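Visitor: Read off the chains here:
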Amino acid sequence: MHTSTSRAPADASADVAEHLTHDDRVGLLRYMLLMRGIEEKAMSLYRQGKVPGSFYDGYGQEAVSVGAAFAMAPEDRLCILHRDLGAHLIRGVEPAAILSQYMGRAAGITGGRDGNVHFGDHRVGCVGMVSMLPDMMLVAAGMAMAFKLRGEARCALTWFGDGSTSRGDFHEAMNWAGVQGLPVIFVLENNQYAYSTPTRAQFAVNPVERAGAYGFPGLSVDGNDPEAVFEATRAARERAIAGDGPTLIEAVTMRMHGHAAHDDMSYVPSEQVEEWRAKDPIDRQRARAVALGVDVEALQGEVRARIDAAADEALSGPMPDPATATDRLFHPRDAEEILLGDGRGPWSGFAARAA
Amino acid sequence: MHTSTSRAPADASADVAEHLTHDDRVGLLRYMLLMRGIEEKAMSLYRQGKVPGSFYDGYGQEAVSVGAAFAMAPEDRLCILHRDLGAHLIRGVEPAAILSQYMGRAAGITGGRDGNVHFGDHRVGCVGMVSMLPDMMLVAAGMAMAFKLRGEARCALTWFGDGSTSRGDFHEAMNWAGVQGLPVIFVLENNQYAYSTPTRAQFAVNPVERAGAYGFPGLSVDGNDPEAVFEATRAARERAIAGDGPTLIEAVTMRMHGHAAHDDMSYVPSEQVEEWRAKDPIDRQRARAVALGVDVEALQGEVRARIDAAADEALSGPMPDPATATDRLFHPRDAEEILLGDGRGPWSGFAARAA
Amino acid sequence: MASMTYLQAISDGLRTAMRDDERVMVMGQDIGAFGGAFKVTDGFFEEFGADRVMDTPLAESAIIGTAVGAAVVGLRPVCEMQFSDFIACGFDQLVNVAGKMLYRQGLPVNITVRLPSGGGFSGGPFHSQNPEAWFMHAPGLKVVAPSTPEDAKGMLIAGIRDPNPVVYMEHKHLYRRVKGEVPDGAYETPFSARVAREGSDLAVITYGAMVHTALQATEDLDGASVMVLDLRSLVPLDEEAILAAVRTCSKVVIVDEANQTCAAGAQVAALIAERGFEDLDGPVTRVATPDVPIPFSPPLEQAVLPSVDRVKEACRELLAY
Amino acid sequence: MASMTYLQAISDGLRTAMRDDERVMVMGQDIGAFGGAFKVTDGFFEEFGADRVMDTPLAESAIIGTAVGAAVVGLRPVCEMQFSDFIACGFDQLVNVAGKMLYRQGLPVNITVRLPSGGGFSGGPFHSQNPEAWFMHAPGLKVVAPSTPEDAKGMLIAGIRDPNPVVYMEHKHLYRRVKGEVPDGAYETPFSARVAREGSDLAVITYGAMVHTALQATEDLDGASVMVLDLRSLVPLDEEAILAAVRTCSKVVIVDEANQTCAAGAQVAALIAERGFEDLDGPVTRVATPDVPIPFSPPLEQAVLPSVDRVKEACRELLAY
Ligand SMILES: Cc1ncc(C[n+]2csc(CCOP(=O)(O)OP(=O)(O)O)c2C)c(N)n1
Ligand SMILES: Cc1ncc(C[n+]2csc(CCOP(=O)(O)OP(=O)(O)O)c2C)c(N)n1
Ligand SMILES: [Mg+2]
Ligand SMILES: [Mg+2]
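The listed protein sequences correspond, in order, to chains X, H, R and G. Take my numbering: the final residue in the first sequence is number 380, and no numbers are missing along the way. Take my numbering: the final residue in the second sequence is number 380, and no numbers are missing along the way. Take my numbering: the final residue in the third sequence is number 498, and no numbers are missing along the way. Take my numbering: the final residue in the fourth sequence is number 498, and no numbers are missing along the way.
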């Protein structure tokens with residue numbers, strides 16, 4: 026079972042060309058633009074006092090969620106974390122529902138019961154995260170366990186941060202997935218910080234090195250390149266579906282904003298920010314699109330218009346009815362069974378798979 | 026920080042000769058005999074209904090606790106696990122106190138409040154284990170953290186089983202020890218089973234391989250050779266005291282009895298038991314003693330007499346007073362501060378260190 | 178109908194649920210070929226195979242967490258903790274992931290967590306706990322605690338079929354000590370209280386192993402007519418049955434094996450003090466374990482666990498009020 | 178004396194304890210150069226250095242477990258959970274290792290665990306909990322919950338000096354909202370109740386943030402004389418002060434921000450129903466959060482948390498009884 030760990034960045038170029046069509050590549054850019062635009066809009070709503078509580082975003086990390094979610098099939102199942110808005114979009118969650126979610130409105134995915142990116146739309150196969158990190162690794166492993174037990178050709182995927190790797194649940198999930206050889210993909214989003222804590226205070230050795238000691242491969246990819254993340258995830262999914270077990274993918278990136286809206290991240294050296302700003306994932310994909318002859322201005326305009334319309338819709342929606350605050354603590358026995366749906370995101374799966 | 030993992034059995038012979046005197050080697054045998062004898066006595070008391078609850082022993086694993094504890098200094102601190110009675114003996118806990126402990130008598134180390142090997146005599150520098158495995162790894166790491174913060178040349182050691190490595194606390198302790206470079210020694214007592222569960226259902230890769238991924242060395246030793254365990258621990262202690270951080274030592278051994286008194290371990294193939302019976306650690310050390318010209322018969326007689334006297338003493342002691350059952354839930358503010366003592370075990374430290 | 182021990186009834190319930198519904202699987206340490214620490218799943222491995230009778234690594238958080246994952250994609254896992262005490266190691270997954278999922282996002286989590294609990298056999302501080310109150314104080318979990326073989330089977334089946342996370346307290350001290358008639362096949366016992374004995378002078382309100390202590394203590398209490406109410410379910414709590422008992426008897430003794438502070442018994446007492454006040458004819462008396470870890474040695478353990486004598490004494494005192 | 182916010186008083190207490198005793202150290206996530214999520218340790222890193230103001234990995238079990246180890250060899254660690262909710266991830270070490278050590282083996286564990294708790298600012302289901310009852314139901318832990326800046330400082334210093342594990346509940350909603358005079362230097366506030374306002378018609382018994390809600394709700398309640406008893410400490414619970422309040426007022430409203438089932442308020446109600454029964458002139462009324470996770474959106478959150486209006490209404494109803 027012992028597979029040696031490789032940290033060499035996956036060389037995506039060849040395989041990517043094989044699996045991503047022209048439209049896929051534009052799709053990757055579109056989702057990243059949409060993610061960044063929605064988060065910028067939410068941030069301005071936050072500043073206007075319209076987003077209660079706190080606000081977290083994934084600025085600069087768009088390639089990680091978009092690249093990985095793009096490689097998943099509708100029948101796969103996802104636990105999406107707090108810097109991974111793009112994954113929700115790929116699964117088909119509407120921008121208006123997301124903005125409603127941030128603002129605690131009735132039309133938000135959780136109907137105002139939870140906030141921020143603490144949601145998952147079960148109709149598109151997603152389980153919403155809890156705050157306790159990285160609890161969802163075990164939930165993802167459990168979904169994969171069910172797939173394996175039933176002999177289904179599906180897999181589960183979850184993201185988690187560098188900081189989360191210090192907690193026991195990381196280990197229990199890695200060990201369980203390894204010993205049972207589960208079809209699960211763990212995407213370690215190494216954005217250099219956990220709140221104010223740099224990775225050197227979190228671990229002595231990069232956790233991607235640990236995969237081998239759990240019996241499955243771990244690899245590092247450029248987390249600012251959506252196509253590299255896509256390709257690593259696609260290959261991991263292929264392994265999973267083939268019955269070859271889990272994969273740990275480290276997506277190396279940088280948290281370009283503070284931990285949350287209140288954090289000016291004065292603890293981050295400005296050179297580090299500058300260095301990473303030059304590697305902006307959207308700039309990179311935009312350049313590819315330009316090279317492909319895409320009218321990127323038009324695409325950006327289209328995305329902006331969609332977000333503006335979503336904001337208008339969200340802002341016009343009501344807050345939840347306080348009379349419902351104690352409803353739905355338990356599911357009635359005679360009610361319909363609710364499970365994670367079968368997925369219906371237009372981009373749940375890249376074009377080559379469908380072919 | 027990344028140190029590569031070595032699983033090659035530590036070649037003890039040369040160093041051992043340097044550090045163990047004739048008396049030390051006899052001492053190792055004496056403590057193993059004492060451990061086995063006390064556990065046999067306790068088992069017969071259990072069969073007579075004099076030991077309440079359950080009963081766990083370390084039959085066949087005597088070399089692990091005896092070898093490791095022998096290498097520790099009085100100023101070191103230990104968390105001793107349930108198959109490691111020998112370590113208590115080395116620290117100086119009296120056999121009568123141990124038999125009283127098993128029988129829930131007032132003179133037991135916990136005064137009847139806890140049972141089995143769930144004790145630690147704080148006067149000799151030991152913290153008693155809790156059942157939840159492997160919680161004590163974190164407590165040991167915490168003691169080591171205090172030593173490091175205060176600049177003291179001491180270390181902490183704890184044992185834990187193969188099964189325990191699956192739990193989150195294993196990981197949190199390994200990671201914490203690695204990132205802080207703590208003077209702590211983790212002795213992984215791989216006795217092939219966790220209750221009925223063989224190691225293959227517990228992990229895909231031997232956990233000793235993980236040490237490197239936490240930034241410190243992991244090595245395997247013959248857990249049925251007290252001198253090999255001693256030597257590995259002695260060297261690990263030297264590293265710890267020198268500020269070179271933690272060590273994970275896998276002591277490869279076999280649980281030769283059931284998980285507890287009620288368990289006939291029918292799930293263990295009899296060839297496996299036979300194979301290991303031939304490697305009995307006491308037989309091995311006895312042969313060494315014989316070669317050194319020791320009168321082993323006399324030694325055994327002495328040990329037996331000591332145990333018989335201890336049993337008499339323990340059996341004549343009273344049960345705890347029920348009126349005290351709710352005392353000492355909180356320590357009074359004005360009472361004396363109680364800390365782990367400075368150790369006073371006659372064999373807390375082998376002869377060569379004292380010299 | 179067959180006569181079974183409490184333990185056999187649990188096994189029978191589990192086996193019945195597994196035969197009826199192939200989505201049901203069990204997970205836990207040593208539950209496979211070994212049949213579990215208490216032999217609840219003895220023979221299951223042979224009947225249902227390794228996939229549905231899953232030996233897990235020693236990792237409680239993982240047991241609960243993976244069960245949640247498996248449940249939301251359609252399995253119905255039943256998790257066994259080797260002892261209820263070890264749920265402390267899976268606490269977060271149970272309370273934060275399983276308990277809050279439906280309320281937050283409309284996704285029910287159909288898991289059942291079996292917790293062998295309770296003292297009385299020198300299990301000591303880590304094998305004797307009654308942790309149910311922690312979970313009563315964690316919204317989104319149902320908590321049940323049957324006292325008879327018939328209810329043990331019926332509530333386990335009902336718990337497994339219930340789409341919500343159910344914490345199933347099975348008292349170890351009842352395993353082989355209590356026997357009773359158990360209906361064949363599948364049936365469900367509702368999550369509501371049961372009058373274990375009718376009575377009108379005083380009501381003893383209790384659950385789990387203490388039902389038997391209460392029955393024994395009040396069997397012949399100087400001729401008094403003593404009702405024993407077996408709560409059976411703690412969440413939902415059958416408030417109407419409790420208040421009805423107060424109306425009938427006007428005097429109440431609440432017996433709880435757990436440590437007394439913030440125990441299930443405290444909640445029952447608080448309920449009565451608020452909504453049964455006008456029917457009360459005496460203080461709401463509690464018998465529980467004082468706030469200490471459960472000691473190992475028999476004389477110490479017997480000194481802290483509620484005994485037949487302590488219950489008798491409390492009842493006598495209240496009857497004389 | 179200086180005027181300080183509740184938050185500043187906590188900082189001041191911690192700083193004072195660290196200056197007085199070099200065994201005291203603080204451990205937690207982002208508490209070093211960053212000064213902590215709520216800035217309680219702002220400036221500590223500069224004053225005391227990285228060793229005594231220790232940034233830890235993201236690992237709650239390890240924070241508690243290593244603190245226990247450090248404590249038994251002579252340090253006095255103060256652990257910060259970033260939010261009280263995350264203590265679920267360190268639950269086992271707190272309850273089983275720290276809580277039971279002294280009882281089992283005579284070894285005191287001098288740690289203090291700071292839990293920033295409570296709702297009211299759209300923290301949602303994982304940043305708003307009041308988990309104190311879990312720890313009241315775990316023998317061997319002291320649990321305190323100051324409501325004023327003066328007590329926040331004095332109880333933190335007392336907790337750090339106390340040789341036992343102390344769970345220190347600091348309500349986030351008080352951090353910047355409540356200000357008051359705080360004595361200079363080191364002093365201790367005893368772990369006992371305090372009469373926040375004298376009164377004789379009705380007693381509101383509460384603690385933490387709800388003390389302020391209770392005071393506001395009963396400031397001018399149709400001329401009634403309303404006592405407000407601030408428990409301050411939950412373990413030990415000042416039973417005498419509670420019973421004295423019942424004797425004086427005969428009517429009691431208990432206000433608790435936690436989920437109602439098996440909450441601290443349930444224990445207080447049960448105590449009164451048992452030992453204050455004869456002094457009661459009406460039902461023991463409770464105001465608490467219903468048993469649901471704390472929702473994020475303001476209208477939902479306001480609907481579940483006990484409000485000034487709900488307390489008023491409960492008092493009025495009881496006064497009219
Ligand atoms: C168990 C747990 N402890 C503490 C926190 C508080 N917290 C929220 S995010 C965060 C940092 C997470 O860092 P990382 O895992 O690297 O994710 P990132 O935010 O960098 O994406 C912390 C400490 C938490 N969410 N969960
Ligand atoms: C957290 C936890 N879960 C379950 C148990 C129940 N249990 C007691 S010993 C044991 C097996 C331990 O195996 P291992 O760690 O290999 O130690 P060994 O007994 O083989 O020395 C189990 C599952 C426990 N003690 N702790
Ligand atoms: Mg990070
Ligand atoms: Mg083992």
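Everything labelled a hint here was simulated from the structure, so no lab data went into it. Bear in mind that the values here come from a model prediction, so they are computed numbers and not experimental data. Here a beta-carbon is modelled for each residue, glycine too, at the ideal position from N, C-alpha and C. Take the hints with a grain of salt, since some may be wrong.
[As the list claims (entries may be wrong)] What the simulated footprint calls covered on chain H by chain R, stretch by stretch (three residues with Cβ under 8 Å from a Cβ of chain R suffice, anywhere in the stretch; the number is not a length): (1) 87 to 94; (2) 222 to 230; (3) 349 to 356.
[To be verified] In the SDA-like style, the derived pairs of lysine to any residue whose C-alpha atoms are separated by at most 25 Å in a straight line are: (4) H/66 with R/216; (5) X/75 with G/353; (6) X/173 with R/225; (7) X/173 with R/229; (8) R/216 with H/331; (9) G/216 with X/289; (10) G/216 with X/173; (11) H/75 with R/353; (12) G/216 with X/288; (13) X/173 with X/363; (14) R/216 with H/319; (15) G/216 with X/363; (16) R/216 with H/294; (17) X/66 with G/475; (18) X/75 with G/215.
[Said to hold, decoys possible] Pair by pair, the computed Cβ-Cβ distance ranges are: (19) H/267 with X/269: 37 to 45 Å; (20) R/216 with H/341: 34 to 42 Å; (21) H/267 with G/226: 53 to 61 Å; (22) H/73 with R/197: 44 to 52 Å; (23) R/455 with G/216: 48 to 56 Å; (24) X/178 with H/296: 37 to 45 Å; (25) X/308 with R/413: 36 to 44 Å.
Visitor: Which of the listed hints are broken here?
Guide: 1, 4, 8, 10, 14, 15, 21 and 25
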